[in-house]
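Just so you know, the protein sequences line up as chains A and B, in that order. Sequential numbering of the first sequence, starting at 4, is according to this note's numbering. Sequential numbering of the second sequence, starting at 244, is according to this note's numbering.
Calculated from the structure, these hints are not laboratory results. For clarity, every value in this text was computed on a predicted model and none was experimentally measured. Mixed in with the good hints, there may be bad ones.
Here are the in silico distance ranges between beta carbons for each label pair [said to hold, decoys possible]:
#1 A/M199 to B/A291: 19 to 25 Å
#2 A/S168 to B/V505: 38 to 44 Å
#3 A/A280 to B/V505: 50 to 56 Å
#4 A/R167 to B/A280: 51 to 57 Å
#5 B/V263 to A/P149: 55 to 61 Å
#6 A/R147 to B/V357: 27 to 33 Å
#7 B/A257 to A/P80: 52 to 58 Å
A virtual CB, placed ideally from N, CA and C, is assigned to each residue, including glycine.
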Amino acid sequence: MRDGRHGTTGGAGRRPTRWTRGRRLAALRVAALRLAALGAVAIGGAGAAGGCRRAGAEGAAGGGGAVTLAGSTSLQPLAERWAERYAAVPVTVQAGGSTAGIRAARDGTADVGMSSRPLAADERAGLREHTVAIDGIAVVVHPRNPVRALTRAQLRDVFAGRVRSWRLVGGPDWPVIVVTREDGSGTRATFEELVMGELPIAGDALVTGFSGGLRRMVADDPRAIGYMTISQLLPGARHPVRAVAIDGVHPAEGSIASGAYPLHRPLLFLTGARTSAATAAFLQWVGSPAGQAVVRAERLVPVPTTTSAGAVAPGAASPAAGRAAAPAAASTAR
Amino acid sequence: MRDRIAESALRVAALSAVGVLALIALFIVGEGAPVLAARGPGAFLASATWAPTRGEYGLLAMLAGSAVVTLGALALAVPLGIACAVTLAELAPPTARAVLKPLVELLAGIPSVVYGFLGMALVVPVIRTQLGGPGPSALAASVVLAVMVLPTLVSVAVDAIEAVPRSYRDGARALGATEWQSIAGVVLPAARSGLAAAVILGIGRAVGETMAVIMVAGNAAQLPDSPLAPVRTLTANVALEMAYATGEHAQALFATAIVLFVLVLALNAVAGLVRRPARARRRRGAAPAAPSTAAEPA
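One chain only, chain A, in its complex shape (with noise of 0.2 Å):
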């Protein structure tokens, strides 16, 4: 890159030459620079979970001085207003994810483990889970579009690109354009498991990172279809997205907090083996109808707080109790 010489022996044309090659060196630098923002991003995302051990690994050290969470992006706001509301110790928050909350729970980096999704079968060792809210997956269309309900047969075989026609589905003949999450996401995992099944999600359909993309693709396509929580749905929107009622039962939180409604996910607190009694006193308060009404106004959907509190309270709660205190756990899932 030093290729100073070549100046020296110019001739004709050697003033612009030389100020070329500082235009070229500009230009590689930025190229350079682009190449590290990649890296910065990379590393990131590898070094939001060292982030949260050693935030953990204070708050363990504490005895009980704060309580740290760890896990899911789509738990975090949900997480940040309890932190802000509970005033005995400070709460802090990190995102992660779903699976680095798992593991930030059963490493004892994190008080609490944050989980979006079910854990699975060998997730679960170890692992104590709480049930703190319930979110329902709306499947969305454009408010033009005049289909209003589909069943989960018909949803799966729009969404692996069987049904290409709205007209198969009673609607008009457009065709249908999928839209999806990127694979990894929490939300698409759900999906995939309760409506897909084994059946792959079309390879055309289209693919957005952020549940605020998908609802704005969605809002711009009269033609569009997408899944996202339902705390997304913000129907004063300027932009707006309705959800359509699946298997004759619309999303709202009477449905989906009887198990009527069949999209939904529990949202899981995960702790590990020792709990400390500042964590021990924040899930029981997030349990409490203080902390649930938090939940209801995040627009996600309270668990019955009586329940919660025997789910919530360190020592009553067994992985399987965890599990059978949401009615989104598996039984009324399949």
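Got chain A sorted already, so can you dock chain B onto it with the hints?
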């Protein structure tokens, strides 16, 4: 003494920049190489199926996506950029030039998320309503990238054209060439290696762009069958899925980054090589045609 301190301080600064590059390369290769080794680079690059949840990692669709989007952007940006550079370097009066060139370069300073948002709000709906398809598409990404590539293309091309010695133009005019004949027949051919470098640096910028592309390309990991089909680029693949990826999935994303890294480094190296002959010719202080005219009498 002070010179020596300053010199070694500068050397450390220079080395740290290179060191960061080396660290990034080491990190990406360290994270991504295991999955490349386990699957075999051939299978990784040649398979068109990307389904991380089923453990299938094939980059072909993303390689095609990056290629289609980049070629589309160049098809739009190169004619526009070269025309713009000729105007700025040869035709515009100095005052207009003094205003226009910084303005074009200002385009490079606009954050890419702004380009992406404009693409979502303006380009995608026009494609959806006028041309058909879902809207977010290879074409939408190409249009947005074309605008983003312009400042790189124009400023390097302007420099290349200005580096052509005055005497070439004077010679052409003295032989009776019109201004257009002089530009098209003498100046542009003489600047061609610099122009090629401009195009290659433009390719590098287009291949590396992430945010704006994610917002308008649709990101379907499939081989595109039309310019109106959604595509996923290599950069979009990494950025979309990195947030939640773990285990082999994360390694496969780092392997994607290795491919991207090698691609962009190679493009920059080629841009450097392409430029060298022009500089070497001018260093000899002779017209490029000199050797052939010398050979003619023999």
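Assuming the hint says 51 to 57 Å, is it satisfied by the Cβ distance from A/R167 to B/A280 or not? violated (40 Å)
In this structure, is the beta-carbon distance linking A/A280 and B/V505 contained in 50 to 56 Å? holds (54 Å)
Are B/A257 and A/P80 spaced within 52 to 58 Å by their CB atoms? violated (45 Å)
At the C-beta level, are A/S168 and B/V505 separated by a distance inside 38 to 44 Å? Taking Cβ atoms as reference, A/S168 and B/V505 lie about 43 Å apart, which means the hint holds.
Go ahead and decide if the range 19 to 25 Å is satisfied by the Cβ distance of A/M199 to B/A291. holds (21 Å)
A/P149 and B/V263 - C-beta distance against the hinted 55 to 61 Å: Holds: the Cβ-Cβ distance is about 56 Å, inside 55 to 61 Å.
Confirm or reject the claim that A/R147 and B/V357 have a C-beta distance inside 27 to 33 Å. holds (29 Å)
Violation of the numbered hints given earlier is confined to hints 4 and 7; the remaining hints are satisfied by the structure.
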